[in-house]
Amino acid sequence: MTAALQLKDVCKSFGPANVIEGVSLEVKRGERHAIIGPNGAGKSTLFNLISGLFPSTSGQILLSGRQICGLKPFEINRLGLSRSFQVSNIFANMSVRENVRCAVLWSLGYGHSFWRNIGNLKEVQRKTAEVLDKVGLSDKADVPAVLLTYADQRTLEIAITIAGGADVILLDEPTAGMSHSETNRAIELIEMASEGKTLLIVEHDMGVVFGLSDRISVLVYGEIIATGTPEEIRGDARVREAYLGDEADFAEVTA
Amino acid sequence: MTDYSVDLVPDLAPSSQYKFATRVLPLLLMALLLLVIPLLEPSRTSLSLLNAVGINIVFALSYNMLLGQAGMLSFGHAVYFGFGGYAAMHAMNWIETASYDGGVWAAFPVFALPLVGFAGGAAAGAVIGWPSCRRAGVPFAMISLGLAELIAAAGLMFVGLFGGEEGITGDRMNGVEAFGLSLGPIGEVYWFIAFWAFAGTALMYAFTRTPLGKLAQAVRDNPERVQFVGYNPNKVRYLVFIAAGGFAGLAGGMSAVNYEIFTPESLSVIPSGLVLLMAYIGGARYFAGPILGAIMLTYMQSNFSDYSEAWLLYLGLLFIGMIMFAPRGLAGLLLSAVSGIQHSLTVKSLLRWGAYCTAGLLVVVGGVTLIELAVRRSNGFGEVFEPFGLHLSPEQVLPWMYGGVLLAAGVGLLTALHKVGEGESK
Amino acid sequence: METVVFALLNGLIYGLLLFMLSSGLTLIFSMMGVLNMAHASFYMLGAYFAFTLGQSTGFWFALFLAPICVGAVGACVERWGLRRIHAGGHVGELLFTFGLAYVIEELVKIIWGKFAVAYEVPAELNFSLFELYGAQYPAYRMFMLLVSITMLAGLWYLLKRTRIGLIIQASLTHPHMVSHLGHNVPRIFMLVFAAGCALAGLSGVIGGNYLVTEPSMAFSIGPIVFVVVVVGGMGSLAGAFVASLLIGFLQTFAISIDANFAEIFSFAGLNPEGDLGRITISSLAPMLPFMLLVLMLMLRPRGLMGEREF
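Chains as they are written, first to last, in UniProt numbering: chain A, 1 to 255; chain B, 1 to 426; chain C, 1 to 310.
Worth flagging that the hints you see were computed from the coordinates, not collected in a lab. Certain hints may be false.
Restraint-style ranges between C-beta atoms, simulated for each label pair [stated by the list, open to error]:
| # | chain 1 | residue 1 | chain 2 | residue 2 | range |
| --- | --- | --- | --- | --- | --- |
| 1 | C | A118 | B | P42 | 46 to 54 angstroms |
| 2 | A | S179 | C | T162 | 43 to 51 angstroms |
| 3 | C | A87 | B | R209 | 50 to 58 angstroms |
Cβ coordinates follow ideal geometry from the N, Cα and C atoms, glycine included.
Turn these sequences into a full structure, and let the hints guide you.
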């Protein structure tokens, strides 16, 4: 079986700065894979390379065995890869329902249609309602996105990401800036959203990472220094050293 | 996976009454208004003004497909109005020729010429939009300006196509009559304009409800994110650009039939600027905003330009004032007034409204006095400004002081009110 | 040969004039993100101020005073206008300056009249400097060249050798950085806007009597300046310089070529009749910048030297 997502020796440099140096990574189908690493390790850059926002300098990225390097973000999205953003990236002046509706249109084959009334498209309405129900935003469907609370905006961010029904989902720090109870709620949401899908997640909250993922990769200064199950990573001396430079702390946060 | 069948999921769509009240009713009211106007037996002058308003409503709405809906700021929208108008003008002449010599065009009613205009505008949009829609934001605005200059200059060179400085003339009373309208008298032209103004408005409203229309709004809000829901923002912009060009062309076709003349001036940056002002002053955030703007500016253009030479200055000042103090336009002002009346109608709020209105009035009266005096002094014909039976001579000091004092009082009051408002909100 | 030499000289002068305008525009755009649609209106104000001041103080004082006055007007516009709407985003600012261009033109019409004013080359410079191929070359053009080059050197010195220049350079490549430097950003914005306007004013002072000083002068040169900025690459001073000279040469050469398309067509064996054949190359001159713009967009959308995508 081909991997859902495979990176082969991917490099990225901005001018003289090598941000990603030869990352190879294999995410199996149906797996929940987390990427952790200290600030500035290049996690977000890696996401931007995979999703097509930046072109990679060298290397290959394969989505279900298909080369996606050099494709535009929307082309990659159409092949079944969807991502969220670290900073809420939503359609601020539109209502929650309209936000999700825009995200389901392409997958239902409505393309650039301008001869249909969007209100009469039953599948679109049903899919939108389904996604909103799933993430629990149904009661806020008509609120303009800009007026949502921070946690709700993060939820909407995930809703937009999963609405198109992509098989591979990339979540960039979905719980950043959330309180404890909000984080617990977000974990449930992520588990539900990634059911039957492949998930690649960047996260700082070790509780989330170790509770959620099947496998973890550790990215330090643009290189992956270890990949393995949560147990293996927890016990990896190099990770402990590189990650925090303080073994005791790492053991504590990952416990 | 849970099976979500239709009945398990709450229906989030608004109720049908709500839909009717917000979507169908306004259009019905517009149709009713258009039908009632002729019963009031308007004069020829009012009719020609109404016809101009109808054309500008469609033109301003088409502009707002770009500005308000897709967030594209264009300084060259009159190009598509012009191309549509010229297409309709040529077709009108072909109809005339065909009515003597026969041919395909003999069967084409003049009434349907706006459709030719639509095709012309959309075709121009498809060609010109190709290079310009590759960029968004400020570069797009600059490119639209450059292209408008280029095409306006080309308009004067290609005499066969654009008729040189005199433009192209035609005769609308030819060919097949539709709905029994000869289109000769201005009263019949009114029906023609009313029909197309309504059709254009309804179609453009419908456009906002289509998947492409919604995507256009998404592109306006966040082009980056649109890429990650499977759409190419440039392509969405390009398609909206073509549609907007088409509707501008429709307005051009209406104008061709109404005036029976089209000159290269109508392609230039001046009407492009005017339509931008209509959409913005009316309120680009709202669908109906440009309609308000078109009505107001067309009225001002036809009336104020008789009274005052400085009407362009007033227009510019109004525009700047709206940008600074009411960026949501006339529509936004109306809506906040309505919600103010509904929610917080207290003596205090009434007093504040009254104070704001007084201050605004003082500024306007003072400003107008000064500007009118200045215009008369600058002309040097010894004219006197005589509003409401007053006799204000620009050669005396006192009238200038009146204007200055009124203006200063208004500005002072506004500043004071602003400070009070800030103090309360803290 | 003489056509070429004259066209080269005139093209250089016109190009430098364009650069004086576009450099101010680029500075303002790079630092503030505002594309000043009224930039050419400040150029017009420069010419009119110089005309009025020149009547009482003479040309030489006006040469210094007028740009300062224009800069002061610019500072007021920034302080009382742009700053208030800055939070609302760039479209509002763009529209504001667009409206301002209208207002300034109408005000100029009221104050100085609807027709061209007699703003003339100062008598001290109204002589022919040298004779070239039997034609006189006016001294004033050499003076324009001198002023432009002085301005260019001054700008270069300011950017490369002074502290404020370092900040400006930093902001050209990293627009968000200025606010992190701990400077009083609104004040810097006001000064930059005023300086950009003063540059436009200076070009008005020396260009107004070379070309013509009339209320429509802003709207006739404004779009060309925008073309320069887009073709050069938005935010790039070097790009603006190259594009200014390119357009300067292009236009002056086109004007000096006395041929029409019919001649070219018949030379190429095509049918010289029709509208296209009647067009002379010199009548195309005003359109050339815009053609260049379209060409540039097709081939290289970010402009000659643009590094940032906007």
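Structure-based check of each hint:
1. C:A118 / B:P42: 46 to 54 angstroms: Roughly 49 angstroms apart at Cβ, these two residues keep to the hinted range, so it holds.
2. A:S179 / C:T162: 43 to 51 angstroms: Cβ of S179 (chain A) to Cβ of T162 (chain C): about 49 angstroms, so the range 43 to 51 angstroms holds.
3. C:A87 / B:R209: 50 to 58 angstroms: Once the Cβ atoms are compared, 32 angstroms apart, the range 50 to 58 angstroms for R209 (chain B) and A87 (chain C) is violated.
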